[in-house]
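Novice: Sequence:
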Amino acid sequence: MKNIKSIVLDRYADTTRYEYVEPGIYKTIYPDLPFADAMTNYVTTLSFTLEAKRGELENTQYPEEDILDRFLVYVRDFVKEPNGVDDPIMIHEFESTELNDIRSLLSLVGKNVYNYTEGDYIKLKIEPENAYEDLSTSDPDSDHPIFDYWIHLFTFKGRLPRKLFWKQMLINGILIFITQLVTILLFSTFLSDQTVEKITTALITIQMITNFLPFFSALARRVRDSTRSGWFTFVFLIPYVGLFILLILLLLPTNKKHNLSE
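So the sequence shown is numbered by full-length UniProt numbering: it starts at 1 and just counts up by one.
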């Protein structure tokens, strides 16, 4: 469920059936029923969008039963049903005998809600609508890939799009190569080959140390960009096939679904 909004149905204007309580919440009135004063029910209506093309075994963005259990409400009316189109818009009226339950339900406005699997259990996850954008710490169209590479050296969460990742790797590789070439040409004219070799080795070591954090950060964010956990970066430790598996993960395109590993 996404794009969750609170809406006011036209029928709420009927003051013989509904009494305004507070924004988005109304109390139902039963004028024709005996003991109606003892029946206090509160209603609110939410509209939301469903992701229609979820796979059979994938996490769902229509976790209605879990929402009803979490907020102790039930669906009073289905104002609009799915009509077969992609991402149908639903409008549901929820009801509860407790005002605070309805107030709590309204906390879903502006959030994304979906189920995720944790072990043998299916749990409800609620996060801001812009959760995917918040995860992204790099601009996919960044004009300064090397600046982006170094500024996020301590950032192991977030996402790094494939295009920007490989652009960073290419530019950084070229800079390292040029640095080594200039060093060799500069010192080889007045130093012995052995001294030049020591200087070059020292320079390579320094470059490896200074690149470790930003490189590992870039790896983790690139893997997370395919909605996998950043811990998958450590597959390179698997003998023989680890580096090959990591390379495949780095080549995967951006997946804009929510990263359920977080």
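By construction, these hints were calculated from the structure, which means they are not laboratory data. Misleading hints may appear alongside valid ones.
Each pair of labels, with its calculated beta carbon distance range [claimed, not checked]:
id : residue 1 : residue 2 : range
1  : Q207      : I7        : 15 to 23 Å
2  : I245      : G110      : 32 to 40 Å
3  : T183      : N3        : 52 to 60 Å
4  : V182      : I238      : 36 to 44 Å
5  : R11       : S104      : 17 to 25 Å
6  : T179      : G110      : 19 to 27 Å
7  : E64       : E98       : 17 to 25 Å
8  : N3        : L243      : 17 to 25 Å
9  : P128      : A202      : 16 to 24 Å
Here a beta-carbon is modelled for each residue, glycine too, at the ideal position from N, C-alpha and C.
Novice: Now tell me, hint by hint, if it's right for this structure.
Specialist: Hints versus structure:
{"no.": "1", "hint": "Q207 to I7: 15 to 23 Å", "verdict": "violated, 58 Å"}
{"no.": "2", "hint": "I245 to G110: 32 to 40 Å", "verdict": "holds, 38 Å"}
{"no.": "3", "hint": "T183 to N3: 52 to 60 Å", "verdict": "holds, 56 Å"}
{"no.": "4", "hint": "V182 to I238: 36 to 44 Å", "verdict": "holds, 37 Å"}
{"no.": "5", "hint": "R11 to S104: 17 to 25 Å", "verdict": "holds, 24 Å"}
{"no.": "6", "hint": "T179 to G110: 19 to 27 Å", "verdict": "violated, 49 Å"}
{"no.": "7", "hint": "E64 to E98: 17 to 25 Å", "verdict": "holds, 19 Å"}
{"no.": "8", "hint": "N3 to L243: 17 to 25 Å", "verdict": "violated, 41 Å"}
{"no.": "9", "hint": "P128 to A202: 16 to 24 Å", "verdict": "violated, 48 Å"}
Hint violations for this structure: numbers 1, 6, 8, 9, all remaining hints satisfied.
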